[in-house]
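Okay, here's what each chain looks like letter by letter:
There are 2 protein chains.
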Amino acid sequence: MIKAISLRPIGYVVKGIPKKSKNNKISKYKYESSIKIYNEYIAGLEGLNEYSHIIIVYYLHLAEFKRLKGRPWGRKDMPEVGIFATRAPHRPNSIGVTVCELLEVMPPYIRVRGLDAWDNTPIIDIKPYDYYDIVKNPRVPSWFIKYWSEKSKERNYRGIAPWLGP
Amino acid sequence: MIKAISLRPIGYVVKGIPKKSKNNKISKYKYESSIKIYNEYIAGLEGLNEYSHIIIVYYLHLAEFKRLKGRPWGRKDMPEVGIFATRAPHRPNSIGVTVCELLEVMPPYIRVRGLDAWDNTPIIDIKPYDYYDIVKNPRVPSWFIKYWSEKSKERNYRGIAPWLGP
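Here the protein sequences line up with chains A and B, keeping their order.
Heads up, the first sequence is in the numbering used here, so the first residue is 1 and it goes up one at a time.
Heads up, the second sequence is in the numbering used here, so the first residue is 1 and it goes up one at a time.
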């Protein structure tokens, strides 16, 4: 059985979310980020612009894994759950997967909306978002719905699930 | 800048898609797979069962990356596009990301429907599928719509986008 997996970044975030975003009014859901793809991989971007949304797989290089359980967003009003039941960055393998609106492909740059990553975050993969990624009415925990409702004002920027309401 | 990323599997596929699935009538979209999570990570599964769907991040350990362009599914009737505009397994970093229906969490096992992976595939991460993963009407290329239409009979097993039609 495979014990270790080695990956090489295909690019990195050149303009990411400001680290102080928690303290000001920047919404990670509408923030426009730029990614730079290394020259050797640029040919792989052909045709990507035919999609409205992409899935970005990235390495949360500053996240530290500490515990297998925690409260989502570190909030005391949230229940303690397993790390695999959350999207928290500090995971056993600190891989992020985010659905983003694709704004522009202008090699070696890609501009997206909604990427929750800081400057210099290594990009591992880019995948097109297609119909198989859509679940119409997924069941989610009540604590997630609470968060979703709170964010209703700032989230409708990526074409995400507007019919689900606040 | 980070040059290499090292990951350790959190588990592996114990019952995956048969390798001969292309030659028989098994549909990867409805196939039920089992994953075994290593003991040290089991505590992280708590609360996962409150979700109907999960995102499985895995390492396509048998995929070989060869070219940055190719025809989707290796089909001659598909246009040649960049690897990042497809979900093909043979990528610069052979990471798979699949939305699956969660059937059962019975530690150390998880049963899912719709995982497109063979036996012994290393699992890198498990993430809950939530509302931020839903795009209502994503734009996709015409070649994808062609494939989608062909698969209309076998795909409606995971709660995926039934309203999109054949």
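Hints should not be assumed to be uniformly reliable.
If chains are identical, the list can't say which one is meant, so a pair holds when it fits in one copy or spans any two.
Unchecked claim - The calculated SDA-like cross-link candidates involving lysine to any residue, where the alpha carbons are at most 20 angstroms apart (straight line), are: (1) Lys3 - Leu62; (2) Lys69 - Pro108; (3) Lys15 - Lys30; (4) Lys15 - Arg111; (5) Lys151 - His61; (6) Lys76 - Ser94; (7) Lys19 - Thr98; (8) Lys151 - Ala63; (9) Lys3 - Tyr38; (10) Lys36 - Trp148; (11) Lys3 - Glu150; (12) Lys136 - Trp148; (13) Lys136 - Ser152; (14) Lys136 - Ser52; (15) Lys30 - Phe65; (16) Lys15 - Pro72; (17) Lys151 - Thr98; (18) Lys66 - Arg139; (19) Lys28 - Pro108; (20) Lys76 - Ile2; (21) Lys136 - Ala4.
Rather than coming from a laboratory, the hints here were simulated on the basis of the structure.
Taking the hints in turn, this is what the structure says about them:
In this assembly of identical chains, the alpha carbons of Lys3 and Leu62 lie at most 20 angstroms apart only when taken from different copies (15 angstroms versus 23 angstroms within one copy). Within a single copy, Lys69 and Pro108 get their C-alpha atoms only as close as 39 angstroms, which misses the 20 angstroms cut-off; across copies the closest is 16 angstroms, which meets it. In the homo-oligomer, the alpha carbons of Lys15 and Lys30 lie at most 20 angstroms apart inside one protomer (14 angstroms), although the nearest pairing across protomers, at 40 angstroms, exceeds that limit. In this assembly of identical chains, the alpha carbons of Lys15 and Arg111 lie at most 20 angstroms apart only when taken from the same copy (9 angstroms versus 39 angstroms across copies).
Proximity of Lys151 to His61 under the C-alpha cut-off of 20 angstroms is found in neither arrangement, the shortest distances being 26 angstroms within a copy and 39 angstroms between copies. Taking CA atoms no more than 20 angstroms apart as the test, Lys76 paired with Ser94 passes in neither setting, with 23 angstroms inside one copy and 38 angstroms between copies. Taking the shortest alpha-carbon separations for Lys19 and Thr98, only the intra-copy value of 18 angstroms comes in at or below 20 angstroms, while the best inter-copy value is 30 angstroms. In this assembly of identical chains, the alpha carbons of Lys151 and Ala63 never lie at most 20 angstroms apart, being 24 angstroms within a copy and 40 angstroms across copies at closest.
In the homo-oligomer, the alpha carbons of Lys3 and Tyr38 lie at most 20 angstroms apart only across protomers (12 angstroms), although the nearest pairing inside one protomer, at 28 angstroms, exceeds that limit. In this homomeric assembly, Lys36 and Trp148 never come within 20 angstroms of each other (Cα to Cα): the closest approach is 31 angstroms inside a single copy and 31 angstroms across copies. Taking the shortest alpha-carbon separations for Lys3 and Glu150, neither the intra-copy value of 41 angstroms nor the inter-copy value of 39 angstroms comes in at or below 20 angstroms. For a Cα distance limit of 20 angstroms, the shortest separation of Lys136 from Trp148 qualifies both inside one copy, at 16 angstroms, and across copies, at 17 angstroms.
When the C-alpha separation of Lys136 and Ser152 is checked against a cutoff of 20 angstroms, the pair qualifies both within a copy, at 18 angstroms, and between copies, at 16 angstroms. Taking the shortest Cα distances, Lys136 and Ser52 sit within 20 angstroms of each other both inside one copy (18 angstroms) and across copies (11 angstroms). In this assembly of identical chains, Lys30 and Phe65 lie within 20 angstroms of each other by CA distance neither inside one copy nor across copies; the values are 27 angstroms within and 34 angstroms between. Proximity of Lys15 and Pro72 under a CA criterion of 20 angstroms is satisfied in neither setting, with 26 angstroms inside one chain copy and 31 angstroms between copies.
Taking the closest pair of Cα atoms, Lys151 and Thr98 come within 20 angstroms of each other only inside a single copy of the chain (17 angstroms); across copies the shortest separation is 26 angstroms, beyond that limit. For the homomeric pair Lys66 and Arg139, neither the shortest alpha-carbon distance inside one copy (28 angstroms) nor that between copies (39 angstroms) is at most 20 angstroms. For the identical chains of this complex, Lys28 and Pro108 are neighbours neither inside a copy (23 angstroms) nor across copies (35 angstroms), given an alpha-carbon limit of 20 angstroms. With identical chains, the CA atoms of Lys76 and Ile2 are never at most 20 angstroms apart, being 38 angstroms at best within one copy and 34 angstroms at best between copies.
Taking the shortest alpha-carbon separations for Lys136 and Ala4, neither the intra-copy value of 36 angstroms nor the inter-copy value of 37 angstroms comes in at or below 20 angstroms.
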